[in-house]
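Same order as they appear, the protein sequences are chains E and Y. Counted the way the numbering used here counts, the first sequence spans residues 1 to 286. Counted the way the numbering used here counts, the second sequence spans residues 1 to 334.
Calculated from the structure, these hints are not laboratory results. Don't take every hint at face value.
Taking CB as the label site, the calculated pair distances span [what the hints assert, rightly or not]:
id	chain 1	residue 1	chain 2	residue 2	range
1	Y	Ala138	E	Ser167	34 to 44 Å
2	Y	Ile183	E	Arg121	38 to 48 Å
3	E	Gly143	Y	Gly56	18 to 28 Å
4	E	Pro232	Y	Val177	41 to 51 Å
5	E	Leu51	Y	Met88	37 to 47 Å
6	Y	Gly56	E	Phe118	42 to 52 Å
7	E	Ala171	Y	Gly115	43 to 53 Å
8	E	Pro232	Y	Gly40	50 to 60 Å
9	Y	Thr188	E	Ser167	52 to 62 Å
Which bits of chain Y does chain E cover? Going by a derived footprint, with three or more residues having C-beta under 8 Å, they are [stated by the list, open to error]:
id	segment
10	17-25
11	128-142
12	148-159
13	274-286
14	294-301
15	306-316
Computed from a prediction, not measured in an experiment: that's the story for all the values here. Built from N, CA and C at the ideal position, the CB exists for glycine as well.
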Amino acid sequence: MENFLDFIKQYKKNRAAVVGFVVVVIILSMAIFAPYMTPYMPDSQNLADRLIPPMWDAKGVSSHVLGTDDFGRDLLTRIIFGSRISLMVGAISVGVSLSFGLVMGIVAAYFGGKTDLFIMRIVDIMLSIPAILLAIVIVSILGPSLSSAMTAIGIVGIPTYARIVRSSVLAEREKEYVIASRINGSSNMRLMFAVILPNCASPIIVQATMGFASAVLEAAGLSFLGLGAQPPTPEWGAMLSDSLQFITTASWMIFYPGVAIFLTVLSFNLMGDGLMDVLDLKLKDK
Amino acid sequence: MFSYIVKRLLWTIPTIFGVTLLVFSMVHLTPGDPAVALLGDKANKQSIADLRAQLGLDKPLYEQYFIYIKNLSHGDFGKSANSNEEVMTEFKDRFPATVELSLVAMFFAVFLGIGAGIISAVKRYSIFDYGSMFGALAGVSMPVFWLGLVLIYFFSVKLGWLPVAGRLGYEFDIDHVTGFYLIDSLLTDNIPAFWDALRHLILPAIALGTIPMAIIARMTRSSMIEVMKEEYIKTARAKGCSRFQVIFIHALRNAMMPVVTIIGLMLGSLFAGAILTETTFSWPGIGKWLVNAVYQRDFPVIQSTTLIIAIIFIIVNLIVDLLYAFINPKIRLN
Numbered sequence: 001m002e003n004f005l006d007f008i009k010q011y012k013k014n015r016a017a018v019v020g021f022v023v024v025v026i027i028l029s030m031a032i033f034a035p036y037m038t039p040y041m042p043d044s045q046n047l048a049d050r051l052i053p054p055m056w057d058a059k060g061v062s063s064h065v066l067g068t069d070d071f072g073r074d075l076l077t078r079i080i081f082g083s084r085i086s087l088m089v090g091a092i093s094v095g096v097s098l099s100f101g102l103v104m105g106i107v108a109a110y111f112g113g114k115t116d117l118f119i120m121r122i123v124d125i126m127l128s129i130p131a132i133l134l135a136i137v138i139v140s141i142l143g144p145s146l147s148s149a150m151t152a153i154g155i156v157g158i159p160t161y162a163r164i165v166r167s168s169v170l171a172e173r174e175k176e177y178v179i180a181s182r183i184n185g186s187s188n189m190r191l192m193f194a195v196i197l198p199n200c201a202s203p204i205i206v207q208a209t210m211g212f213a214s215a216v217l218e219a220a221g222l223s224f225l226g227l228g229a230q231p232p233t234p235e236w237g238a239m240l241s242d243s244l245q246f247i248t249t250a251s252w253m254i255f256y257p258g259v260a261i262f263l264t265v266l267s268f269n270l271m272g273d274g275l276m277d278v279l280d281l282k283l284k285d286k
Numbered sequence: 001m002f003s004y005i006v007k008r009l010l011w012t013i014p015t016i017f018g019v020t021l022l023v024f025s026m027v028h029l030t031p032g033d034p035a036v037a038l039l040g041d042k043a044n045k046q047s048i049a050d051l052r053a054q055l056g057l058d059k060p061l062y063e064q065y066f067i068y069i070k071n072l073s074h075g076d077f078g079k080s081a082n083s084n085e086e087v088m089t090e091f092k093d094r095f096p097a098t099v100e101l102s103l104v105a106m107f108f109a110v111f112l113g114i115g116a117g118i119i120s121a122v123k124r125y126s127i128f129d130y131g132s133m134f135g136a137l138a139g140v141s142m143p144v145f146w147l148g149l150v151l152i153y154f155f156s157v158k159l160g161w162l163p164v165a166g167r168l169g170y171e172f173d174i175d176h177v178t179g180f181y182l183i184d185s186l187l188t189d190n191i192p193a194f195w196d197a198l199r200h201l202i203l204p205a206i207a208l209g210t211i212p213m214a215i216i217a218r219m220t221r222s223s224m225i226e227v228m229k230e231e232y233i234k235t236a237r238a239k240g241c242s243r244f245q246v247i248f249i250h251a252l253r254n255a256m257m258p259v260v261t262i263i264g265l266m267l268g269s270l271f272a273g274a275i276l277t278e279t280t281f282s283w284p285g286i287g288k289w290l291v292n293a294v295y296q297r298d299f300p301v302i303q304s305t306t307l308i309i310a311i312i313f314i315i316v317n318l319i320v321d322l323l324y325a326f327i328n329p330k331i332r333l334n
């Protein structure tokens, strides 16, 4: 408990990280309470109300704060519901990358030798293809959809986690507490996952926070290309893709979904930066 | 040093083979029969069987892989299922557009990124430092396609200063020499076309260059701050060197090593950005072509483009590693 309070005290020193945390909490509440925050549904169309500008515009109306899109759907509602999709994409993609990367990294570092060489070769091959290209290849195999995009982003993230876990396990492997536990008769499984892993948590937590940010960004990118979420899903990237044709007539459709992506990604990055400072990691600018 | 180079070169071979295996297995991982996917559900059995024979799909998997590698070694990357053109020909047509955009974006990123990084490091904790470092963090969090849209809205739609999309106005025509419009227009003395090509490049290059710029600025700043603490900087100051000399001659040179490495390694993120930027700006490069190929399930194009880009990426990483070993005496002398 004392450690936790100390952690909070240290974290609070970094003001930008606190702002990041607050924004993340706001986005999280938006996702949880979405249906109670707006009277509209994200995909209920009303063609009579199409392309209404935001309420501060002369032609705007107060019932549609950020205006409406080309199907008369309330933009604010779609952005609020979009937070559910972005957070889900982040969580699932990070979950996929983390679980596979963790096992690969820990097995490679713990057993060493040929196992290490074999796993790290696979990691090198995956890293030799630019992430988005690999994601596009995976989406083209699975067919464009939100779940394909999540899977693809998850798979693409595996090598980064594998490398980080591997290097921290390597640093821990020969420490005395591990040797002591081995002498006590702990099995390999217990040594890997119950003894060593908890001591490697810091870099993994930081990477997961930053990885969440990049997963949200990559998912929005894939949906913008038409390879992720499909209409009428209120996904921020897909909303921007729809807005392309209205750039001259309905500029509000371009701005707000982008602001939502930007704020989400920025606040997770700020949080990651803050955690890195507190956990005193030398990962900066990697 | 020699053994390092040999070892590094040898390691690229299994990596390239791994990539060919991955790309090859793509078609076989796709659910359903590729021949049916190409011909459509309504095709008759005979034409499906013919196509399977033509594509070699009736042979065992390992044999198909060897044929694939053999063809690749002859420079045969197959034909686009959609246009029936050689993939390599189409790739060569589009590749210069992507490279030109990426180089201009990189130039913008390096120039502004290093500049902002130096000022931030020298004037640490100033408003400029906070501003540019926040800008750097914001730049990393910015969706590149959204930045592109916002730039188009302000500079093309609102102000009308720059073109909305494309690579060259319809009224211009440039003779192809290198494929790079800026160079070709100058070589053929076509100055109006040069200006038009440059005007088309500005917005996509800014959109694409922003993320690398942010990373370079952060890297330069932290590297400069480290170097400025060194003893030899104190010595230079004590010797009476001017501030300019200390920063640009003594500090910057030594601070550039990690920055140069990161610039080389940023090719991947630059390419990722290029796919999105090209879609936003209708830029006729590899990225847009690849995305269209995914829509049309044109597997030969997706496979070959992935393979070629991965090989380019591997080679560039190799060059960066070797250069780094060469400029870093710690590795060179070992």
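To see whether the hints hold, each was checked on the structure:
1. The hint said 34 to 44 Å for the Cβ distance between Ala138(Y) and Ser167(E), and at roughly 29 Å that hint is violated.
2. The supplied range of 38 to 48 Å is met by Ile183(Y) and Arg121(E), whose beta-carbon atoms lie about 40 Å from each other.
3. In this structure the hint that Gly143(E) and Gly56(Y) lie 18 to 28 Å apart at CB holds, the actual value being about 24 Å.
4. For the hinted restraint 41 to 51 Å between Pro232(E) and Val177(Y), the CB-CB distance of approximately 48 Å keeps it satisfied.
5. Between Leu51(E) and Met88(Y) the C-beta distance comes to about 45 Å, which sits within the given range of 37 to 47 Å.
6. Look at Gly56(Y) against Phe118(E): about 30 Å separates their beta carbons, and that is not inside 42 to 52 Å.
7. Between Ala171(E) and Gly115(Y) the Cβ separation comes to about 37 Å, which falls outside the hinted range of 43 to 53 Å.
8. As the Cβ distance of Pro232(E) to Gly40(Y) is approximately 27 Å, the hint placing it in 50 to 60 Å is violated.
9. The hinted range of 52 to 62 Å is satisfied by Thr188(Y) and Ser167(E), whose Cβ atoms lie roughly 53 Å apart.
10. Judged by the Cβ-Cβ criterion of 8 Å, the segment 17-25 of chain Y is covered by chain E as claimed, because 4 of its residues qualify and three suffice.
11. Under the rule that three or more residues need a Cβ within less than 8 Å of chain E, the assignment of the segment 128-142 of chain Y holds, with 6 such residues.
12. Residue count for the segment 148-159 of chain Y with a Cβ under 8 Å from a Cβ of chain E: 5. That meets the three needed, and the coverage hint holds.
13. Chain E is given as covering the segment 274-286 of chain Y, and this holds because 4 residues of the stretch bring a CB closer than 8 Å to a CB of that chain, at least three being needed.
14. Check on the segment 294-301 of chain Y: 4 of its residues sit with their Cβ under 8 Å from a Cβ of chain E, so the three-residue criterion for coverage holds.
15. For the segment 306-316 of chain Y, the stated coverage by chain E holds: 5 residues have a C-beta nearer than 8 Å to a C-beta of that chain, and at least 3 were required.
The earlier numbered hints that this structure contradicts are 1, 6, 7 and 8.
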